[in-house]
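Asks: Now for the letters of each chain:
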Amino acid sequence: MKKLKFSQFGIMSVQFQQYSLDYCMDSIAANGFQYIDFWGGATQYSVFDTPPDQRHRRVCEIREMMEKRNLKMSIFTAEQICLYPINIASSNEYVRGNSIDIVKHYLEDTKEFGANYYFMQMGYSLFDEDYEAARKRSVGALKELTAYGEKIGVKSVMEPLQRYESNLCYNRDMLKGLIDAVDSPYLTACVDCVAMAAAGESIADYQNAFGDKINHIHLADGDPTGHKVPGEGTNPLTDYLQTLAEQDYAGTITVEINNQMYFNDPDDAVAKAAKWLADCPVVEID
Amino acid sequence: MTRITMSQVAINNMAYRRYSFDFFLESAQRLGIRKIELCGCHPHFTMFEAREFDTKQLAKKIRDHGLVVSAIEPEQNFLPINIAALDGYFRKQSVRQLAFFIERARYFDCDKVIVYPGKALMNHPHSEAWKYARESIEELSRIAEKNDVTILLEAVSSFISDLMMDSATLARMMREVDADNIGCCVNSSAAYAAKETLDDYFRRFGDKIGLVQLSDSVEDNEQLPWGTGLQDLDSHLRTLRERNYTGDIAMELLEEELAGDPEANYRESIAYFRKHID
Numbered sequence: 003m004k005k006l007k008f009s010q011f012g013i014m015s016v017q018f019q020q021y022s023l024d025y026c027m028d029s030i031a032a033n034g035f036q037y038i039d040f041w042g043g044a045t046q047y048s049v050f051d052t053p054p055d056q057r058h059r060r061v062c063e064i065r066e067m068m069e070k071r072n073l074k075m076s077i078f079t080a081e082q083i084c085l086y087p088i089n090i091a092s093s094n095e096y097v098r099g100n101s102i103d104i105v106k107h108y109l110e111d112t113k114e115f116g117a118n119y120y121f122m123q124m125g126y127s128l129f130d131e132d133y134e135a136a137r138k139r140s141v142g143a144l145k146e147l148t149a150y151g152e153k154i155g156v157k158s159v160m161e162p163l164q165r166y167e168s169n170l171c172y173n174r175d176m177l178k179g180l181i182d183a184v185d186s187p188y189l190t191a192c193v194d195c196v197a198m199a200a201a202g203e204s205i206a207d208y209q210n211a212f213g214d215k216i217n218h219i220h221l222a223d224g225d226p227t228g229h230k231v232p233g234e235g236t237n238p239l240t241d242y243l244q245t246l247a248e249q250d251y252a253g254t255i256t257v258e259i260n261n262q263m264y265f266n267d268p269d270d271a272v273a274k275a276a277k278w279l280a281d282c283p284v285v286e287i288d
Numbered sequence: 022m023t024r025i026t027m028s029q030v031a032i033n034n035m036a037y038r039r040y041s042f043d044f045f046l047e048s049a050q051r052l053g054i055r056k057i058e059l060c061g062c063h064p065h066f067t068m069f070e071a072r073e074f075d076t077k078q079l080a081k082k083i084r085d086h087g088l089v090v091s092a093i094e095p096e097q098n099f100l101p102i103n104i105a106a107l108d109g110y111f112r113k114q115s116v117r118q119l120a121f122f123i124e125r126a127r128y129f130d131c132d133k134v135i136v137y138p139g140k141a142l143m144n145h146p147h148s149e150a151w152k153y154a155r156e157s158i159e160e161l162s163r164i165a166e167k168n169d170v171t172i173l174l175e176a177v178s179s180f181i182s183d184l185m186m187d188s189a190t191l192a193r194m195m196r197e198v199d200a201d202n203i204g205c206c207v208n209s210s211a212a213y214a215a216k217e218t219l220d221d222y223f224r225r226f227g228d229k230i231g232l233v234q235l236s237d238s239v240e241d242n243e244q245l246p247w248g249t250g251l252q253d254l255d256s257h258l259r260t261l262r263e264r265n266y267t268g269d270i271a272m273e274l275l276e277e278e279l280a281g282d283p284e285a286n287y288r289e290s291i292a293y294f295r296k297h298i299d
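Respectively, the protein sequence lines represent chains A and B.
With the working numbering applied, the first sequence corresponds to residues 3 to 288, in that order.
With the working numbering applied, the second sequence corresponds to residues 22 to 299, in that order.
Worth flagging that the hints you see were computed from the coordinates, not collected in a lab.
All C-beta atoms in this analysis are idealised placements derived from N, C-alpha and C, irrespective of residue type, glycine included.
Below are the DSS-like pairs computed for lysine-lysine, each with C-alpha atoms no more than 30 Å apart in a straight line:
hint, chain 1, residue 1, chain 2, residue 2
1, B, Lys113, A, Lys106
2, A, Lys274, B, Lys216
3, A, Lys5, A, Lys274
4, B, Lys296, B, Lys229
5, A, Lys113, A, Lys138
6, A, Lys113, A, Lys153
A few chain A residues that don't get close to chain B, going by computed Cβ distances all over 12 Å:
hint, residue
7, Gln36
8, Arg65
9, Glu114
10, Lys153
11, Glu203
12, Ser204
13, Trp278
Pairwise CB distance ranges, derived in the manner of DEER restraints:
hint, chain 1, residue 1, chain 2, residue 2, range
14, A, Pro187, B, Asp241, 37 to 43 Å
15, B, Ser148, A, Asp214, 49 to 55 Å
16, A, Ala149, B, Ala189, 55 to 61 Å
This is chain A alone, in the form it adopts within the complex (with noise of 0.2 Å):
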């Protein structure tokens, strides 16, 4: 049986947003992972708590933190369209403006941390604006921010989302359209198990649609949905692996604790989901 390694794992930061980042990383670091899939929102870093002159320095910072563990940045996931007022796609021009900017500041945040991905999002339309004309704004921000990935060297993901939080693409079949406009290297797919779980999808669904153009995977566990850790959810979490490890998946997979009902000891969190990773059939520690 083919299987995954223990060092293709990561865990995202979101969770330990009520701690500061060095514990984040020496939690992380300890439960034995290498990869930090980090978070971008206050008050680790994001644009809206660091003074525009600062942000080169926290984002060395950041990065002399991680190498201090050994820890890598599989991707940068800023804050964007769940909390933040970040919007490609608002039909409010000083919003979207404004939104195309800070992306652009945040994948050349990702090439100075050294991640190997940004974590792009397509923004929303609301639900009673027009849709068609808000997809055109979403397609037309994607391209000019994928070619200015492309300028310096930055490649990005993206991942369906859940429709409350995005209407322009909540399942495999929106996400492929959206990859297929913008049509460059530097944009591919990620899979999100929980809202592909939502969705009624699975691996294979995605494979087939993507073939090798994914890049990323985000894993939690949920009823279908939650962010929960893996095994405190009821998702088929092992036969995703299974699938995955069937078809060489050699990149990065990070296990996206998103849930505030682990806020309080996010550490605890971490390990019982190094634990679970660590007893998985699928999954080597290497």
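Place chain B on chain A using the hints.
Replies: Relative to the frame of chain A, chain B by itself:
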């Protein structure tokens, strides 16, 4: 003993953040609601929406729909804002964001702005975050004084912040800031999480309570529609009657998964609520 009526009930636009503000106002009308708790959230009303936000136009829209603003509640959990932040720059930016709402309250004929305590880092001394929160609230109180606004401090559950989670710590903050224009807002989900009752708040704060927020909750989730959680609405309503509360009651619905169809969720919650006030 007073009666509780639907005319006291306000709904909040945060649940409508994936809809236009116009849709929210029309929805409030369809639901037969007369008051709103105006949430300072994106994309409706924040300093990130425009170079110069057209506050007068927003206020006119609300009035044109026959709605009254009970209080302004700047969104302070999801947005990048933390008045207790260790970092001075971020703290200052956070105070600026809140000042944006305080300075605009008069356009809405509203004199109440809700302020959360901010967030401490769990692995840092809370005394330091507390000090920063107090200093920020003192500054906001001075800005509020110039604008004839009362700041309503609100205790929140640990889902949001563990800095000021119950009526005792809220009382301590009010005592330490010691300004005439500081009142409080009681949130039933926060009270429930702290194993307190609304009556505990009324006993402690009396007429300093400027707003009551009622929403249902369960062990690991809160601000839910009425009838979907574990709180005893009848007991809350009994307290409000016995304490002769005549102020406004905001129904909050913040669960993010409800953002797809907020009107249906509010309709369900209001129907449950209506049955219990009669």
